[in-house]
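My request is simple: use the sequences and hints to build the entire structure.
Mind the numbering: the sequence shown is residues 69 to 262 in the numbering used here, read in order.
It is possible that some hints are incorrect.
Pairwise CB distance ranges (calculated) [to be verified]: (1) Gly102 / Asp73: 29 to 39 angstroms; (2) Gly238 / Gly153: 17 to 27 angstroms; (3) Asp156 / Asp211: 32 to 42 angstroms; (4) Pro228 / Ala253: 22 to 32 angstroms; (5) Asp73 / Pro93: 18 to 28 angstroms; (6) His151 / Glu221: 22 to 32 angstroms; (7) Asp104 / Asp147: 11 to 21 angstroms; (8) Ala91 / Asp191: 36 to 46 angstroms; (9) Gly249 / Ala91: 18 to 28 angstroms.
Think of the hints as simulated: they come from the structure by calculation, not from any bench. We put the beta carbon where it would ideally sit given N, CA and C, even for glycine.
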Amino acid sequence: MTDTDRHIFEPDGRAIPYVDEGAGPALVLIPGKGIDPVHLGTLAHVILEEDFRIVRVGSRHSGADEGTTLLEAAQDVVDVMDHLGIADAWVGGHAFGGTVARAVARAHHDRVNGVLLLAVEADVPAEAELAPDIPVLVLQGGDDEVTPPANGEALRKSAPGLVSVVTIDGAGHLFAATHAGETAAVIEDYLDWD
Numbered sequence: 069m070t071d072t073d074r075h076i077f078e079p080d081g082r083a084i085p086y087v088d089e090g091a092g093p094a095l096v097l098i099p100g101k102g103i104d105p106v107h108l109g110t111l112a113h114v115i116l117e118e119d120f121r122i123v124r125v126g127s128r129h130s131g132a133d134e135g136t137t138l139l140e141a142a143q144d145v146v147d148v149m150d151h152l153g154i155a156d157a158w159v160g161g162h163a164f165g166g167t168v169a170r171a172v173a174r175a176h177h178d179r180v181n182g183v184l185l186l187a188v189e190a191d192v193p194a195e196a197e198l199a200p201d202i203p204v205l206v207l208q209g210g211d212d213e214v215t216p217p218a219n220g221e222a223l224r225k226s227a228p229g230l231v232s233v234v235t236i237d238g239a240g241h242l243f244a245a246t247h248a249g250e251t252a253a254v255i256e257d258y259l260d261w262d
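Right under this line is the structure:
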């Protein structure tokens with residue numbers, strides 16, 4: 069990612085970094101807590117080859133995200149979507165970014181077509197419980213010790229009709245970067261946006 073790719077949206081003094089690339093159906097990706105949107109760049113670029121619009125939304129700048137609540141982080145994502153004219157999208161994220169995506173779906177049900185969770189966190193707050201009737205795709209690394217595959221399996225058991233789980237064998241916590249092609253193929257097949 070170059071400096072020209074990164075933008076800062078500053079509603080009400082909040083400095084929210086984002087990258088907006090491609091055209092087509094929108095997929096909003098949120099990296100883990102405090103991690104720059106560049107973290108999901110490899111995955112985003114592979115998915116872009118299939119004519120998607122990928123928006124990566126990071127945390128507020130200057131350490132301000134330390135005091136940001138989960139619902140405020142979710143609102144930041146929706147505010148960037150509004151700024152970019154995106155009425156609805158699949159929203160997903162890695163680890164804590166996935167928890168934010170779940171909170172977006174819960175608080176803004178009408179804006180989210182589905183949730184993509186890359187490495188599921190356990191024990192999420194009530195604000196991030198699954199929203200009814202919104203499909204969820206979980207991707208997890210088979211060797212992830214930070215967010216183990218058991219987290220995704222537990223989520224599937226809690227909502228078997230809504231949650232689909234795909235495990236990437238031999239992949240660790242950062243599988244979205246280390247196994248970007250395989251991860252992107254699963255996402256593209258699931259969304260079937262050909």
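Each hint tested on the structure:
1. Gly102 / Asp73: 29 to 39 angstroms: Once the Cβ atoms are compared, 20 angstroms apart, the range 29 to 39 angstroms for aspartate 73 and glycine 102 is violated.
2. Gly238 / Gly153: 17 to 27 angstroms: 40 angstroms, violated
3. Asp156 / Asp211: 32 to 42 angstroms: 34 angstroms, holds
4. Pro228 / Ala253: 22 to 32 angstroms: 24 angstroms, holds
5. Asp73 / Pro93: 18 to 28 angstroms: At roughly 20 angstroms between Cβ atoms, proline 93 and aspartate 73 fall inside 18 to 28 angstroms, so the hint holds.
6. His151 / Glu221: 22 to 32 angstroms: 37 angstroms, violated
7. Asp104 / Asp147: 11 to 21 angstroms: 19 angstroms, holds
8. Ala91 / Asp191: 36 to 46 angstroms: 38 angstroms, holds
9. Gly249 / Ala91: 18 to 28 angstroms: Check passed, 21 angstroms falls within 18 to 28 angstroms.
Taken one by one, the earlier hints fail for this structure at numbers 1, 2 and 6, listed in ascending order.
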